[in-house]
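Engineer: Residues per chain are reported as follows:
Number of protein chains: 2
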Amino acid sequence: MGRMFINSIGHYVPHHIVANAYFSRTYGIPEEDIVSRSGILERRKALSRENTNTMALEAVKDALPSLPFPVGEVNLIVGATYSPFDTVGTLAHAVQHQYQIPDTKVLSISSACSSVCNAVEIVDAFFRTGKADKALVVASEHNTAYFNEGDKASGFLWGDGAAAMFITRERFSADDLEILDVNTSGLGSTGQGINGVYLRPRDGGIKMPFGRDVFLFACKYMHLETEQILRKNQMEPGDLAYLVPHQANLRIIDYVRKEMNLREEQVIVNVDKLGNTGCASSLIGLSQHYRSFKKNDVVVITVFGGGYSSGAILMKK
Amino acid sequence: MGRMFINSIGHYVPHHIVANAYFSRTYGIPEEDIVSRSGILERRKALSRENTNTMALEAVKDALPSLPFPVGEVNLIVGATYSPFDTVGTLAHAVQHQYQIPDTKVLSISSACSSVCNAVEIVDAFFRTGKADKALVVASEHNTAYFNEGDKASGFLWGDGAAAMFITRERFSADDLEILDVNTSGLGSTGQGINGVYLRPRDGGIKMPFGRDVFLFACKYMHLETEQILRKNQMEPGDLAYLVPHQANLRIIDYVRKEMNLREEQVIVNVDKLGNTGCASSLIGLSQHYRSFKKNDVVVITVFGGGYSSGAILMKK
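Sequence lines, in order, name chains A and B.
Going by this note's numbering, the first residue of the first sequence is number -13, and it counts up by one from there.
Going by this note's numbering, the first residue of the second sequence is number -13, and it counts up by one from there.
The hints are simulated quantities; they were obtained by calculation from the structure and are not laboratory data.
All values derive from a computational prediction rather than experimental measurement.
Do not take every clue at face value.
Claimed, not checked - Examples of chain A residues lying across from chain B (beta carbon under 10 Å, computed):
hint : residue
1    : F71
2    : H79
3    : Q82
4    : A105
5    : F158
6    : Y294
As the list claims (entries may be wrong) - Over 12 Å on every C-beta distance to chain A, these chain B residues come out as not near it, computed from the model:
hint : residue
7    : V81
8    : G116
9    : K138
10   : L166
11   : S175
12   : E222
13   : K259
14   : Q274
Backbone N, C-alpha and C fix where the C-beta goes; we use that ideal spot for every residue, glycine too.
Just chain A, with the same shape it has in the complex (with noise of 0.2 Å):
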């Protein structure tokens, strides 16, 4: 890895709330189970007039007051969803084309959950090959244009909302916080693989037809994805300050804090207010928390995403 610091972050989530509440009337079912089937008490939902590259500007927008440099000076832009507004004049080229960066590198992701690991990644190897040496990662889903209401298994579990980070090779400020390391796992041999969960916009958009499959690869490979990163970086997981857990499921994040033995407060929860925000999910958490971390925290972003794929960032502020 060269080095690398988060020289600003921030979020956005629409301001319409869906309360259980809402899917215990549509599907029968007491708010109970959804509770204690997924830790949701409720989730967001992007208004009309709003989609994935909407939100993802809101998420940018939110970034530009701690940005040390001129947004024009950006030259890699990678977006990150599986949930398109644009497949074309994607969330990436929107901020490029809303801030009118003349000379910037853009495309578009997605490993599902695991992307925003994916563009770290790119990020890491463009800067070290010269390609780039300032770049923004902007996540945003916009899972209630895709999903299924008629789907009571998980029909209640998804949320809308997006995340941007700006990366460059220098620390601007105490705030900022470094990437140590970031790994990715292709899965599509594991379990299920391509089964599990997807998201077919032509035919019947987001559908997880093996849940359980999904839940027990999710337990296994976030835990995986922490120790191995922390391991390989010659860390154990007492080093760790804060774990940021993709956001699928309250009892896959408790699962994985019980097994690495941390404390309720050393997990990053958002869940329980968003839903699952897909790959914005941990993003929006690290952006949450931000101001929170302390000089030398060690804190680290751990996914599990359809597909499957899997991931990891280690950062130390």
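Following the hints, put chain B in place on chain A, whose structure we already have.
Structural biologist: Showing chain B alone in chain A's frame:
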């Protein structure tokens, strides 16, 4: 650039042909108008059991007989599409799943029609930073799943197809093309940018509201990308044996050919028989003509795409 070689390439197009007569009847326009406006005589349409992922798998299968190492040794799969079947279980994950490749990085990208250039740029960066050393780039477009039958202005342009290429740091045979350089440019701040042509899965599919803007910038940037990548590598247009342009419209291709003083037989064309197959189009062209290149031939892929975006790949046999 580190050294990179294409060790095997393959492609797939669906068997079902849709002739201009169909669109002539549907839109009430003469067949000659379709030909004079686009150079397209016919295009392929995926059958109902086919999709972006199945076509990607067929393209990979086509490349396997000449692959000089087991497919299981691949440690980076980059999918490219703007017309996804599944944004979670992406075409790249589908390949990992199909061939049960246990240990590989997997992601899919979209920078519209330029995605293959972005994919090769990621391969280059991952090779040079030691993240991978055997890569598969697979591009697949299922335009007909998203195109708007009612769109008289551009509905007849779109076709389906896929292509795949395996890349390593070694030359395995005299057939291999060496990849000498790659460039990508985000152009979201140019002209109509994200509004020129788009694919909004939940909002009308593919549309091209600013066809003339797209046309003019495609002519400009496909020429510019070619000149720039040649010049950067101490070459000039006279050194070029073959140009493989993005296949959006024969008029754009002809414009670029004339600007560069190339002979017709130097420019690879498949838009006449396949329509616009999106980010797969230039790779399908490269695959179709792969055996006809001679030792020392210099070949350039040049692409302009929605978003906007552009890119080029410089190769030598």
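Engineer: Work down the list of hints and note, for each, if the structure agrees.
Structural biologist: These are the hints, each one checked on the structure:
Evaluation of the F71(A) hint against chain B yields a held restraint, the C-beta minimum of about 6 Å falling below 10 Å. Taking 10 Å as the C-beta cut-off, the interface hint given for H79(A) holds, the closest approach to chain B being about 4 Å. Satisfaction of the interface hint for Q82(A) is found here, the shortest Cβ-Cβ separation to chain B being roughly 3 Å, below the 10 Å cut-off. Checking A105(A) against chain B: minimum C-beta separation of about 9 Å stays under 10 Å; hint holds.
Here the hint on F158(A) is broken, as its CB sits about 24 Å from the closest CB of chain B, past 10 Å. The closest approach between the C-beta of Y294(A) and any C-beta of chain B is roughly 8 Å, which is under the 10 Å cut-off, so the hint is satisfied. Not every CB of chain A lies more than 12 Å from the CB of V81(B), the least distance being 8 Å, so the non-interface label is violated. Chain A draws G116(B) into its interface by the beta-carbon criterion, the shortest separation being 10 Å against a cut-off of 12 Å.
Residue placement check: K138(B) keeps its beta carbon more than 12 Å from all beta carbons of chain A (closest about 20 Å). At roughly 15 Å from the closest C-beta of chain A, the C-beta of L166(B) stays outside 12 Å, upholding its exclusion from the interface. With 12 Å as the threshold on Cβ separation, the claim that S175(B) sits away from chain A is violated: the shortest Cβ distance comes to roughly 4 Å. No Cβ of chain A comes within 12 Å of the Cβ of E222(B); the nearest lies about 24 Å off, and the non-interface call holds.
Residue-level check passed: K259(B) sits 24 Å from the nearest beta carbon of chain A, beyond 12 Å. Taking the minimum C-beta to C-beta distance to chain A, about 25 Å, the non-interface status of Q274(B) holds against the 12 Å cut.
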